[in-house]
Amino acid sequence: MSAEEKYVAAAYLVVFAFVLVYFLIMALKLARLERQVGELTDLARKRADG
Amino acid sequence: MSTSLRNNQLALSATLAAVLVPTAIALVFFYAPVDEDGLNQKIFYFHVPIALAAYACFGWGAWKGLVHLWKGKPGADLESYVAIHLGVIFGAMTLLTGSLWAKFRWGHWWLWSERQLVLFLVLFLFYSAYFMLRYSVEPGPQRANLCAVYSLFGVVLIPISFLAIRLANQYIHPVAFNRHGPQMAGSQFFTFCVCLAAMLALFAALYQFELAGKRLDARLKELRELLA
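Line by line, the protein sequences are chains A and B. Residue numbers for the first sequence follow this note's numbering, beginning at 1 and rising by one. Residue numbers for the second sequence follow this note's numbering, beginning at 1 and rising by one.
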């Protein structure tokens with residue numbers, strides 16, 4: 001691979017990496033939100049049961 | 001706006017981004033010709049659209065800030081925050097891809113003597129500091145108002161940064177568009193337009209995605225307080 005090709009590949013990989021890391025962070029956040037929904041559902045059920 | 005309509009918008013923008021981004025990459029490597037600058041010119045097709053998308057993010061964030069101050073619309077502060085957050089991400093990508101291009105073309109990662117580079121960096125740092133302001137104030141109307149005003153101040157830097165590329169005396173940073181139109185072949189211009197549409201679609205999809213997450217977070221917090 002020539003130096004030119006390496007720089008072009010690196011530039012596109014930077015963009016790809018940023019987008020992937022962004023999605024990873026959002027996926028972790030979604031997992032946390034799902035966990036919170038589960039906890040709140042349990043809390044609501046306990047309230048409903050008395 | 002109803003949740004189902006928002007979900008439809010998210011699905012639509014994500015589909016658009018999923019179609020346009022691979023199409024753009026395919027056009028860059030299989031359709032756009034390699035000109036006299038060489039293969040490294042291919043970086044231009046993503047670097048410039050990402051920079052323009054960053055400007056669009058900051059502009060949209062400033063617009064939502066204005067909507068918050070002017071109409072007091074609920075949720076405008078959150079929309080402004082998300083847009084500026086994405087603008088900082090796109091800005092970082094602009095600086096990195098530009099540095100890679102500059103290193104190959106001119107042997108320098110960065111040139112402090114280049115006004116247009118420094119002005120974009122100033123714009124990026126200005127909006128990065130937005131988060132320092134936001135998280136130094138307790139959540140509430142005061143924080144929303146301060147952030148909205150700050151986002152509006154920053155929007156002044158956008159045209160200055162954009163025009164600096166044209167007004168600079170030294171043309172280290174290439175000028176692909178001037179008053180005579182695009183300085184490139186038709187196929188290159190078409191590829192550039194598709195790449196720009198792809199980046200804007202990506203911004204729209206990420207914006208909707210992050211906004212949905214933040215709204216869900218806020219609703220869950222409210223629910224927790226009600227159930228506590």
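Calculated directly from the structure, the hints in this document are not laboratory data. Please note that the accuracy of each hint is not assured.
In silico DSSO-like cross-links for lysine-lysine, where the CA-CA straight-line distance does not exceed 27 Å [stated by the list, open to error]:
#: 1; chain 1: B; residue 1: Lys103; chain 2: B; residue 2: Lys221
#: 2; chain 1: A; residue 1: Lys46; chain 2: A; residue 2: Lys29
#: 3; chain 1: A; residue 1: Lys29; chain 2: B; residue 2: Lys214
#: 4; chain 1: B; residue 1: Lys214; chain 2: B; residue 2: Lys73
#: 5; chain 1: B; residue 1: Lys103; chain 2: B; residue 2: Lys214
#: 6; chain 1: B; residue 1: Lys214; chain 2: A; residue 2: Lys6
#: 7; chain 1: B; residue 1: Lys221; chain 2: A; residue 2: Lys29
#: 8; chain 1: A; residue 1: Lys46; chain 2: B; residue 2: Lys103
#: 9; chain 1: B; residue 1: Lys71; chain 2: B; residue 2: Lys221
Keep in mind that this is a model prediction, so the values were computed, not measured.
**Asked** For the pair supplied as a hint, A/Lys46 and A/Lys29, is the alpha-carbon distance within the 27 Å limit?
**Response** holds (26 Å)
**Asked** Keeping to a limit of 27 Å between CA atoms, is the pair of B/Lys214 and A/Lys6 held or broken?
**Response** violated (38 Å)
**Prompt:** Does B/Lys214 lie within 27 Å of A/Lys29 when you go C-alpha to C-alpha?
**Reply:** holds (10 Å)
**Request:** Take the C-alpha atoms of B/Lys71 and B/Lys221, compute the straight-line distance between them, and say whether it is at most 27 Å.
**Result:** holds (25 Å)
**Asked** Quick one, are B/Lys103 and B/Lys221 close enough, alpha carbons at most 27 Å?
**Response** violated (47 Å)
**Message:** Run the distance test for A/Lys46 versus B/Lys103: straight-line Cα separation, threshold 27 Å.
**Reply:** violated (62 Å)
**Item:** Hinted pair B/Lys221 and A/Lys29, Cα distance within 27 Å
**Value:** Answer holds: B/Lys221 to A/Lys29 is near 14 Å, not above 27 Å.
**Prompt:** Is the Cα-Cα distance between B/Lys103 and B/Lys214 27 Å or less?
**Reply:** Violated: B/Lys103 and B/Lys214 sit about 38 Å apart, past 27 Å.
**Message:** Need the status of pair B/Lys214, B/Lys73: alpha-carbon distance at most 27 Å?
**Reply:** Within the cut-off at roughly 17 Å; holds.
Violated hints for the displayed structure, listed by number in ascending order: 1, 5, 6, 8.
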